[in-house]
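Asks: Since each chain comes alone in its own frame, lean on the hints to assemble the complex.
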Amino acid sequence: MRLLYVILFLAGFLPLGSLAQPSFPKTAYSVTGYILDERTKQPIVGASVFVQETRQGIASGKDGFFVLSMPRGTYTLRISHVGWIPKLQPIVVDKLLLLDVALTEDSKYLDEVIVTSEAPDRNVRKVELGVSTLTIKSIKRIPAFMGEVDIVRSLLLLPGVTTVGEGATGINVRGGSIDQNLMLLDDAPIFNSGHLFGFFSVFNPDVVREATLHRGGIAATYGGRASAILDVKLREPEAEKWAVTGGIGLVSNRLSVEGPLISKKLFVLAATRVSFNDFLFPLGPKSLRDTRANFYDFTTKLKYLFNEHHSLTFTGYAGKDLFKLPGDSLSSVEVNATSTEYNYRTLAGTLRWNYFINNRFNLATAAVWSDYQVVSSVPDPSNAFRLTADVQHRQLKSDLSIHTSEGHQVQTGLSLIDYYVQPNRLVPGPGSNVLPLALTTEQAYELAAYVQDEWTVNSRLSIQAGLRYSQFMNRGPASVRTYAEGSERTPETVVSTKTYNAGQIYGQVGGLEPRLAIRYSLGESQSIKLGYNRMRQYIHLVTNTTAALPTSRWKLSDPYIKPQITDQVSLGYFRNTPDNAIEVSGEVYYKTLQNAIDYKDRASLQLNNTPETDLLQGKGQAYGLETMLRKNKGAWTGWISYTFSRTFLTINNPLAGERVNGGTMYPANYDKPHNFNAMAVYRPSLRFSMSLNFTYSTGRPITQPYARARINGVYVPIYVNRNQERIPDYHRLDFSMNFEQDPAKPKRFQSSWIFAIYNVYGHKNAYSVFYRLNPRADTDGYKLSIFGTVFPSLTYNFKF
Amino acid sequence: MSSLSRLSIYTLVLLLGSCITEYQPDIKSLPRSLVVEGVITDQPGPYTIQLTQTTDYTNAGINLRATNATVTIADNAGTTETLTEISPGSGVYRTKATGIRGIAGRKYTLTVVTSDKKRYQSDAELLTAAPAISKLYYEYRADPTALTNENVQGWDVYLDTKDPETTGDFYRWEWTHYEPVSVCQVTEIPNAAPVGRYCCTNCWDITRCNNCINIKSDAAINGNTLSRQLITRVPFSSRNSYYIEVQQQRLSAGGYAFWQSVKGLTQNNGGLFDAAPSTVRGNMRCVSDAGTSVYGFFGASGISETYLYVDRSNGVGAPTIIPAVMVPQPSACVVCADNTTRTPNTPRWWKQ
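Chain order of the listed sequences is Y and X.
According to the numbering used here, the stretch in the first sequence is residues 1 to 800, in order.
According to the numbering used here, the stretch in the second sequence is residues 1001 to 1352, in order.
So here's chain X without its partners, still in its complex pose (with noise of 0.2 Å):
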């Protein structure tokens, strides 16, 4: 949606009591196709694919997980690796730590059979490295009309970068903040605070902005410097200095064709100023049976990656207060988790 259509969207809610209320519409159904996610970069693995289906738009549909298929990944050099399933039924399928490895300048293509025997393949993916991240940088700025009190306070971060002579370069970026973490268990009490117990050994809890699709591309500043990327808005929750890690990735013209449309479809209002929605069906085909649709991304990704520390103490007042938690004495500690939300493995440019 373009900003002068959101303006106008400002505009009616303001001059004339616009409301918003339910509204079911019939609910229309197809048959359960493939979704298919997943990257492989020039960074080190292991790589996952996650293979889903979808299901009607409604609350009630659920997005089944496609497991039991085989999944492989080759380059135009002629290596290849079968990845496995993590788990039984959870259509997440992983490379070996050892395995597979992208290198920029190879071509990249996903082949998976489901467990119904159709054949999916993708199209041959470039890996083409990214341009390095010449500056990661914040700014703080007080936003009186922050929808939660933590952001009112806050720092920007943004990045420079300098995109290279060639035209139809695209970007992604995304970010991962590490928090450390002294206290692995919290049990709530009733009309009083919390209970915790102490970690075993380091901690980190990992943010990350999961939804968020942040792309970019060069067709306005080809050959210049792409400046004033936002990358987040970190929160004033803290005195404390804020650890982020930035991953810059550098997409395909398809692979941003596809976010784009995805980041398009989850903002699309249907309203009189949005264009008519389409759905990028992505680069994958069903090479077994050409009327099978299937959706989703395979993609190839250079990355360079870079990290900043936000120093917080210039925050006016106090930050946004996180209750206390009692720990009583002694008490066993607790191991520190080890999966998408926590890690006892020190972030990569952590210092202490």
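If we strip away everything but chain Y, and leave its shape as in the complex, we get (with noise of 0.2 Å):
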């Protein structure tokens, strides 16, 4: 294993090598620079650098940064991005040429880009597919539940993204579990994206730059989770003088400050929301008074420029949710309590010491740290307790790329993450009657290298080639059972515990995750795309609730708990009209799941010391078409997709007990068929725009009682397989009207009114389905709807 680190290791690095004697043509020079926004100095990603003379082209990467490379002569670079004045800039080649382009924010332009900052033609032209950028501009043009700009929901408009039910965390994309998403937030991975169980999401909008989701294709770089990559970016602050912003809104308060500490050297940006007091509870029925619920959050970025070469960007997140519930107690921790308190927090840091060697390297290295940690305590001095959980991933991360002249662009990079979960430990108050427990801690490091090519063979054809490599070592100190071979794994068969001592190396899995996306144009505004991806995650959120709670359990994978591993292969087309006003795409994959995971009847993974007794591992199936038409110019703007996929489970083990469903294909709880999204926004002018949101979808699969017994004077339902019927389709409109102020008039002091409906209709959609048998009624069952009502919002927003 150690030599196939070092051969990926030395063949990222090899490229430089021979690099570093560059072959090409002496007559060829390189045009190198960045193009920025004129006023903020912000990159612009994504533009159009285009050489009128030679028809050649490049779009800007990442930081704005671009290279060209042509012959001696003279030129004309016309440099455009929607929402930006292009530039026309002649330019003699003769020598190396820097070049850093400045462009001014177009104000007139009433083109809204909804999804995409990138280039107009870039889901043509570009190699990856299914990857999904919003800025957080067009976030903030979708309607927004109570008023508060929510990146994850936002998500659920894209296709093939579905969440099992309004209000629960994470997303399921193409088929996968929410824990199969990698949520980063500048690098680092955030293990709850939620506040308030899944109401909002844990990114403040006022700082996200922009949040791109990888579902197909995914290039080597990302690893560690099986589904999805959802990379949240945060803005650059403010190099030029300070600002603040802030908002109003009727669950949090909003209120950020950035700008230069030193002039040109350190940047600061520091926000914070804080939701209201106690979400109105104290205004409720009296059995709610004694609730408390509040969260708030605090992200900051903070960059340093030593010179041109070294810069050094620190982001910081800190957010914390608390609860108290009276009168009630865990079900996971049997004592008799008269109120719990539940208390989360999401501690995350990345350090990252960016190196741009030169116009061709690029060395980036980042220090990533994030933990989270649940907290449940009962006050009852005979039954008092404190139970915690935690999670923490450390992670050393390097990266370089190298752009070449010749059409390639090479990354390769090394990851150390070191893993430490501790699943629960309950510890007594002082003369309680609980007693101490506490679940064996997990440690592990997970290791990765890649290298991965982008190389653009000529104008039709382009390919991007991956090759990422993973390993995931146990550390001690740790016991690992053994159990009665030919009998199902419950604490009672276990036949000898081996224990290992701190350090020790007790289980090792690993192997390549081969990654592939390949580009063929069929003519000026036409390609197709395929993409194949395997992944590998080792850190799986264990729970057998549909939606997942913030106490859920985090598990690393063991001698026993087998990595999940998803392959995928996707096909897209993708089409552009010429002035690419209007897109249409179509993308269909199938997916399989090595080492699903699902649960036995009745398990009970809280306080469990031997999950492996609970757990169950078997097949996952997932396959879908997703297609896309979006309109990008005009006054009215906006997309209409169609989503059918499928998504299925099969847990098939030789022992009766360890199947589900009896060892046959079973939908999984977020198999949802059928889901439409339509999103349209009017902009008749630059103070007043309107948007509109219809959702449809098939409803989630559920388990419904066949027969029923009467045990103790009380019907009890029987039920037979899981996730066999269905809750009742979901559909919904939002609108939303954003008042904004006259551009044509600048004021130091700005501010915009935000106005939005959320379920125009109130029409009642389930969130769950329940059966009461009363003789009285004339239907056997009910459904709970949640949002079954309209929800107007008022937001107020402003900046000085």
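FYI, nobody ran anything at the bench for these hints, they're computed from the structure.
Careful: at least some of the hints might be erroneous.
[Unchecked claim] Beyond 10 Å from chain Y on every Cβ pair, some chain X residues (computed):
{"hint": "1", "residue": "Ala-1077"}
{"hint": "2", "residue": "Glu-1085"}
{"hint": "3", "residue": "Gly-1105"}
{"hint": "4", "residue": "Thr-1111"}
{"hint": "5", "residue": "Arg-1119"}
{"hint": "6", "residue": "Ala-1124"}
{"hint": "7", "residue": "Pro-1190"}
{"hint": "8", "residue": "Thr-1201"}
{"hint": "9", "residue": "Gln-1247"}
{"hint": "10", "residue": "Ala-1257"}
{"hint": "11", "residue": "Tyr-1309"}
{"hint": "12", "residue": "Ser-1313"}
{"hint": "13", "residue": "Val-1334"}
{"hint": "14", "residue": "Asp-1338"}
[Unchecked claim] Computed from the model, here is a short list of chain X residues facing chain Y with C-beta under 10 Å:
{"hint": "15", "residue": "Thr-1021"}
{"hint": "16", "residue": "Ile-1027"}
{"hint": "17", "residue": "Pro-1031"}
{"hint": "18", "residue": "Ser-1033"}
{"hint": "19", "residue": "Thr-1048"}
{"hint": "20", "residue": "Thr-1052"}
{"hint": "21", "residue": "Thr-1058"}
{"hint": "22", "residue": "Asn-1059"}
{"hint": "23", "residue": "Ala-1060"}
{"hint": "24", "residue": "Asn-1210"}
{"hint": "25", "residue": "Cys-1212"}
{"hint": "26", "residue": "Ile-1213"}
{"hint": "27", "residue": "Val-1262"}
Only a predicted model underlies this, so the values are computations on that prediction, with no experimental measurement involved.
Every residue gets a Cβ at the ideal spot worked out from N, C-alpha and C, and that includes glycine.
Replies: Below, the structure written as structure tokens:
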């Protein structure tokens, strides 16, 4: 295994050596530089740099950087991007040319690009498929629930993204469970993306630049989760002057400050959100008045520029949720209590050193830390306790990117993650009858190395090929149980236990993860793309509830819990009208999942020291078709998308007790075959815009009772198989209006109002279906509608 | 459903004007299966076994009784007794008052041969003695949020018991309240006070919580005191003392799993934060045909019992008024019935 790292590493760095002596014709020179916004100095990603004479073009990459190679001569460059005034720049190429281009924002430009900040024809031209970027500007146009602009919720409008229900944490991407998405906030993984059970996401919209969802043809740079990557990038701090932005909403208040601490050297961005007092619980029914529910979060970014070559960036996030529930107790800890307090927090940080070696080489090294902790406690003296669970992710990684002038863009890198998981530790209060309990901590390393090349073969064909190798190593202290052969794994069938000392490696698993994306252009503005990726996942969120709770348990792979491995093939067709005003795309995918996780009946995972006795693994299968039609220009913009997708699991083991539904294939909790989304934005002037959003999806699967028995005087439902029926279909219309200040009259203090209506026609969508037998009722069942009414909200935002 | 999930539902309900509407799902059908209910204890018998059948999960479904079956309880020491159906068609089978008696340490098996000649048998259940109830006590608590007026003021009855050192002990609690009554027959008269007739003898109304499943495992407190186990809340319906008997049953691991499943299934709302529901079949199986389903549980429980008088004189204000009954004089007395809701027999620890 070790040899393989060396090979991979060398393979990654080899081009470095060969490129040191450029071998291209002496008459060719590099034209390179950055494209920036004139006012904000923010880099413009995906701007088109077009050489009018040679009809040669390229899009600016991350940080607005571009490289072109061209023979000696005089040319005119046309630099353009939607939303900025295109610029014509004459150049004389007779030496290596460094060129920084500043574009002016086009205030009269009313065309709204909703989904993407990329060049208008990027969807046809780029290699990757299954990638969608939502800029914060477009996210803010989507009608927000209770006025809270929400990044994770916005993703639900994209094809292939679903949720088990309104208010559930996380998203399901192309048939993946919620823990199969790596959610990154400037490279730091976020273990719980929701505040207040998932109603609102942890990403503060005031500081986010864009969110990119990779769901097919995932590049080798990313790894660690089986389904998708959500890459949320924070804005760069304002470099010129100090600015304050904020807002007042129904749920939370926001405030952010940014500016230069040391001119041209050190910039800072700091933002916070604080929820209103207890969500109006004190005004609620008497039984809820003692309920407490609050959250706050703090996001910061610091950037220090040493010189043109070195920069240091720090991103920090701290978020906390607090709940207190009267007169109840934890179901997982069997004690009697009068109230229970839940407290969960995320702390995450990334320190990134970017070394711009020269025009060709850029080295980015980052130290990443993320910690998610949940504390539940009961105050009653005789039964007092604190239950603490903790997940820690510590990572060092380094990525080297190499731009060559021969149509190759090479990237290679290494990553080392150190995981620490404390599943649950129960500490009794003084004098309490509760026994202390500490579940065994889990520790492991995840090592990964990758190399990737994006090769523009010719104007028609480009290939992005990558290879990633990941290795997972469980580290002691630990005890590994052996179960009696041929019998079901239960705590009673343990035949021996082997203990390992601190630092001892007791389990290793790993393998290659090939990635491939091919684009073939069929003409000026249409292309077909093919993608394949294999992903391995070594950390799992194990919960047998339909939606995860903040207290749900994280579990590392170990000798019993094998890593989840997906293989996905996708094929797409992309076409634009010549002016890029209208885009059409269609993608099909087929995905298999090895070691999909499900649970035994009545699994109890929270305080289980032998989780392998409750977990089952099997096969998963997902396939689908995603189609999208989008209009990017004009007063009316928007898109419609339709997705057909299915997700099935098969848990079939030799022992009858370790099968689900008798070993036959059954739909996953998040299998929702038909999804339709439509989003329209009308923007007749710069001061006003209006958005409409309609969504429809098939109801999620549920387990319906097939018979009833009368036991102890009550009717007890009898269930046969899991997930055989469905709740009614879901549909909803949202609306929002946005009033802004006249940009023609610039003022120091700017403000805007957003009025939004969620669920305009008040459809009573089923959140769940349940059964209550009542001889006087006409029906046997009931549906609970959570957002069963119209939800208006008003938000005020300001900036000065 | 965990409390967190309940909180989330509250949050949703409160924040979001949620609502519940009627909904008719497609009806599913399964063939009728036998359902067995019954327990043998280390207290004197008779013991009863109830046999019913499953039906569709609809309002219209009827759980038929399983009648004319041969029901036998046997222990591992060679004692057997065949139960008799208390009345034809009742589906309730009873041992003789002088018949089999549960003894701690023995294992018990139930055998049922139904009228269609199918033979069902339970696992052998070990009867384990229950630890004594170390303390039964009550605390006055005003609860302005209570749904019924009677419960705004009340006395919470708690139980403490010393859990044995062994792990894997499981408990279930049941209570019985006896309320002395003098009027044994009441006739409602429209627009006037009801008219009643006195009981000929002493008489008590019996109150139980038939569908309460109050169970606990010792997992969190093994070997320590299981404290402040809530048994029930005594309503402020009178200033008189309230007499309550509390029974502590020791369950087997299988029995606990079964009752926990029954409890969970009756509370599961199919919501996002509920686990996929599944049915515990219990400890019965069909030995003549492995493909035939059978549900229910035959238990063998050790029992400890005690009683409590709850003094309700410290209630604030007037108790919930029970309408007065007119008894014309003279009038013939009425015999106090002896059934599950009324008894002429003096309760075990009754003091007067």
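Asks: Now, for every hint given, state plainly whether the structure supports it.
Replies: We went through each hint and held it up to the structure:
Interface exclusion of Ala-1077(X) from chain Y stands, the closest Cβ pair being 26 Å apart, more than 10 Å. Residue-level check passed: Glu-1085(X) sits 18 Å from the nearest beta carbon of chain Y, beyond 10 Å. Every beta carbon of chain Y lies more than 10 Å from that of Gly-1105(X), the smallest distance being close to 21 Å; the non-interface claim holds. Look at Thr-1111(X): its CB is around 20 Å from the nearest CB on chain Y, clear of 10 Å, so calling it non-interface holds up.
Under the 10 Å C-beta cut-off, the non-interface status given to Arg-1119(X) relative to chain Y holds; the minimum distance is some 20 Å. Distance check for Ala-1124(X) against chain Y: the nearest CB is about 17 Å away, which clears 10 Å, and the non-interface claim stands. The non-interface label for Pro-1190(X) is consistent with chain Y: the shortest C-beta to C-beta separation is roughly 24 Å, beyond 10 Å. With a least beta-carbon separation of about 29 Å from chain Y, Thr-1201(X) lies farther than 10 Å from that chain, consistent with its non-interface assignment.
A cut-off of 10 Å between C-beta atoms confirms that Gln-1247(X) is not in contact with chain Y; the least separation is 14 Å. Chain Y draws Ala-1257(X) into its interface by the beta-carbon criterion, the shortest separation being 7 Å against a cut-off of 10 Å. Non-interface call for Tyr-1309(X) relative to chain Y: holds, since the shortest CB-CB distance, roughly 23 Å, exceeds 10 Å. Once the 10 Å rule is applied to beta carbons, Ser-1313(X) is consistent with being away from chain Y; the minimum gap is 25 Å.
Under the 10 Å C-beta cut-off, the non-interface status given to Val-1334(X) relative to chain Y holds; the minimum distance is some 27 Å. Chain Y leaves Asp-1338(X) outside its interface by the beta-carbon criterion, the shortest separation being 20 Å against a cut-off of 10 Å. With a least beta-carbon distance of about 6 Å to chain Y, the hint placing Thr-1021(X) at the interface is held under the 10 Å criterion. The closest approach between the C-beta of Ile-1027(X) and any C-beta of chain Y is roughly 7 Å, which is under the 10 Å cut-off, so the hint is satisfied.
Of the supplied interface hints, the one on Pro-1031(X) holds, with its beta-carbon coming within about 9 Å of a beta-carbon of chain Y, less than 10 Å. Against a cut-off of 10 Å between C-beta atoms, the interface hint on Ser-1033(X) holds, since the closest Cβ of chain Y lies about 7 Å away. Annotation: interface hint on Thr-1048(X) violated; nearest CB of chain Y at approximately 13 Å, more than 10 Å. A least Cβ separation of about 5 Å between Thr-1052(X) and chain Y falls short of the 10 Å threshold, and the interface hint therefore holds.
Because the closest C-beta pair between Thr-1058(X) and chain Y is about 5 Å apart, less than 10 Å, the hint holds. With a least beta-carbon distance of about 5 Å to chain Y, the hint placing Asn-1059(X) at the interface is held under the 10 Å criterion. The beta carbon of Ala-1060(X) is positioned within 10 Å of a beta carbon in chain Y (closest approach about 8 Å), and the interface hint is therefore held. Here the hint on Asn-1210(X) is kept, as its CB sits about 4 Å from the closest CB of chain Y, short of 10 Å.
A least Cβ separation of about 9 Å between Cys-1212(X) and chain Y falls short of the 10 Å threshold, and the interface hint therefore holds. Using the Cβ-Cβ criterion of 10 Å, the hint placing Ile-1213(X) at the interface with chain Y is satisfied: the shortest such distance is roughly 7 Å. For Val-1262(X), the interface hint holds, the least distance from its beta-carbon to any beta-carbon of chain Y being 5 Å, beneath 10 Å.
The structure fails to meet hints 10 and 19 from the earlier list, while all remaining hints are met.
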